[in-house]
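Position chain E relative to chain A; hints supplied.
2 protein chains.
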Amino acid sequence: MRGKVILVGFGNVGYHLSLALKELGLQVTVMVRPQAFDSLAEQSRNHSPNIKLVCDPSNLPEDAEFVFLTVKDDQIQTAASRLSTEIKNNACFLHSSGIKPWNQLEGICQNYGIFYPLNSFSKELAFNWEGVPVFIKTSNNESESKLFEIAGKLESRAVADDPKIREYLHLAAVFLNNFTNHMLVKADEILTEENIPFDFLHPLLKTTVEKALESAPRNVQTGPAIRGDFQTIARHLKMLSEFSDRKLYQLISESINPQLKSKL
Amino acid sequence: MRGKVILVGFGNVGYHLSLALKELGLQVTVMVRPQAFDSLAEQSRNHSPNIKLVCDPSNLPEDAEFVFLTVKDDQIQTAASRLSTEIKNNACFLHSSGIKPWNQLEGICQNYGIFYPLNSFSKELAFNWEGVPVFIKTSNNESESKLFEIAGKLESRAVADDPKIREYLHLAAVFLNNFTNHMLVKADEILTEENIPFDFLHPLLKTTVEKALESAPRNVQTGPAIRGDFQTIARHLKMLSEFSDRKLYQLISESINPQLKSKL
Numbered sequence: 001m002r003g004k005v006i007l008v009g010f011g012n013v014g015y016h017l018s019l020a021l022k023e024l025g026l027q028v029t030v031m032v033r034p035q036a037f038d039s040l041a042e043q044s045r046n047h048s049p050n051i052k053l054v055c056d057p058s059n060l061p062e063d064a065e066f067v068f069l070t071v072k073d074d075q076i077q078t079a080a081s082r083l084s085t086e087i088k089n090n091a092c093f094l095h096s097s098g099i100k101p102w103n104q105l106e107g108i109c110q111n112y113g114i115f116y117p118l119n120s121f122s123k124e125l126a127f128n129w130e131g132v133p134v135f136i137k138t139s140n141n142e143s144e145s146k147l148f149e150i151a152g153k154l155e156s157r158a159v160a161d162d163p164k165i166r167e168y169l170h171l172a173a174v175f176l177n178n179f180t181n182h183m184l185v186k187a188d189e190i191l192t193e194e195n196i197p198f199d200f201l202h203p204l205l206k207t208t209v210e211k212a213l214e215s216a217p218r219n220v221q222t223g224p225a226i227r228g229d230f231q232t233i234a235r236h237l238k239m240l241s242e243f244s245d246r247k248l249y250q251l252i253s254e255s256i257n258p259q260l261k262s263k264l
Numbered sequence: 001m002r003g004k005v006i007l008v009g010f011g012n013v014g015y016h017l018s019l020a021l022k023e024l025g026l027q028v029t030v031m032v033r034p035q036a037f038d039s040l041a042e043q044s045r046n047h048s049p050n051i052k053l054v055c056d057p058s059n060l061p062e063d064a065e066f067v068f069l070t071v072k073d074d075q076i077q078t079a080a081s082r083l084s085t086e087i088k089n090n091a092c093f094l095h096s097s098g099i100k101p102w103n104q105l106e107g108i109c110q111n112y113g114i115f116y117p118l119n120s121f122s123k124e125l126a127f128n129w130e131g132v133p134v135f136i137k138t139s140n141n142e143s144e145s146k147l148f149e150i151a152g153k154l155e156s157r158a159v160a161d162d163p164k165i166r167e168y169l170h171l172a173a174v175f176l177n178n179f180t181n182h183m184l185v186k187a188d189e190i191l192t193e194e195n196i197p198f199d200f201l202h203p204l205l206k207t208t209v210e211k212a213l214e215s216a217p218r219n220v221q222t223g224p225a226i227r228g229d230f231q232t233i234a235r236h237l238k239m240l241s242e243f244s245d246r247k248l249y250q251l252i253s254e255s256i257n258p259q260l261k262s263k264l
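Protein chains in written order, with our numbering: chain A, 1 to 264; chain E, 1 to 264.
Since the hints were made in silico from the structure, they are not lab data.
Hints are not guaranteed to be accurate.
Each pair may be met inside one copy or between any two copies, as identical chains are not told apart.
Said to hold, decoys possible - Cross-link-like lysine to aspartate or glutamate pairs, in silico, DMTMM-like; alpha carbons within 20 Å at most: (1) 100 <-> 229; (2) 261 <-> 245; (3) 263 <-> 23; (4) 22 <-> 124; (5) 72 <-> 229.
Since the structure is predicted, the reported quantities are computational estimates derived from the model, not experimental observations.
Bound conformation, chain A alone (with noise of 0.2 Å):
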């Protein structure tokens, strides 16, 4: 693809969405604060080495089609508003943010909108496109036409944006993110207690996660719980030392199987 990007702060976000829109042929400039510039710059030379690092918007080209907004949610109406005023052209000034309405920044730039990439970055880990929902919407037909194409280009999953849909994917992600993660935390700490390696239970996680994947995690559960062991039950709840976990143990436990309720 040609054209001309600007893309707004190097966090998890921008690092990932710069990478790849340079892999599409595209022309990519990043602004950072000046505060955080050398050290970006370093991470760039290092990571990124072709994409261009600035921190006076002067540097900025000003025939940029796009200026995506990678910042802190509260930080991008400020940065929309001082950048709009230093890019003369009708650049389509973008967000992604999950939890604010597409049209966040009317009334701030002409031309604006939402491309807002529904998955967990960081710097650390490689970032696969693939199938990873894009939702978009901006005031400008052409401007979302070339950002369905970008999303496309890079395998992803472009999604007209519908608050609706995010919000109710913010609260199940919830559950499926930071509370699994939560569940690898507790196994951790289970183990690390007793000087047990977690990664024992490295090969048991991919393939509870290829199960969910290919079956629906519903017709995969299995375990104690939905058994109604109460035998291994009542030993786990013996073995954790801990009341909170001893609560947390038992309230999952029920919710996998509502008839242990006040049983346990």
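Coordinates of chain E only, in the frame set by chain A:
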């Protein structure tokens, strides 16, 4: 490898173990109940044509080196005592239970032990033995060495059996497998109720697990609970229609961030 082995039971573990042992070059005979023979033989013809299924003990090879009992926990002793009178040579009888002591078959067989692979098996999914802990201990050193060799050739992780390690791994696995899967069930329920396809979150699930495997789960926790983001938590609790789901959301959030306690 050379030699003959018998497997008793052709459930999820027996199925994958028989395929793996066959793959190593061993002659595998699987003993199943007469009532189940026809349907299992059909399965075997389709998926594992080189596995010999029998239901009459007199058709078992007399010179088998190992008898892997992959039956349910409460059938291990019965199956062993029945077959030990049929198989006259000094075959080593092995159970594959995660919760029975290694010497469960003492007094029933002359040569006995445990060969317990810790993972979740299902016939529908190909099984990757790489790194899978296999707990091994037998009454006979020679058998034990051979089993370590087998586990090694499967690229699994052979571990000298230790009941305490097995017990704590089992408890940790309830969190890592059963409870994690339940979080996915909840995410699925939330989306299904709103007619949003669950597979929107497949990429996020993969990332969640990659991160936890790459780093440690406790280092990669994100979300409203760990941030102490009361506004989002309150909104999410409102969105959950079931009291028990709100209770679950609340308790896990408090477990992630104890400072939330009695504030939700």
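Verification of the supplied hints:
With identical chains, the CA atoms of residue 100 and residue 229 are at most 20 Å apart between copies only, with a shortest distance of 15 Å across copies and 45 Å within one. When the C-alpha separation of residue 261 and residue 245 is checked against a cutoff of 20 Å, the pair qualifies both within a copy, at 17 Å, and between copies, at 14 Å. When the C-alpha separation of residue 263 and residue 23 is checked against a cutoff of 20 Å, the pair qualifies neither within a copy, at 57 Å, nor between copies, at 46 Å. For a Cα distance limit of 20 Å, the shortest separation of residue 22 from residue 124 inside one copy, 18 Å, qualifies, whereas the shortest one across copies, 41 Å, does not.
For the identical chains of this complex, residue 72 and residue 229 are inter-copy neighbours only, at 14 Å across copies versus 47 Å inside a copy, given an alpha-carbon limit of 20 Å.
This entry does not satisfy hint 3, going by the numbered hints stated previously; all others are met.
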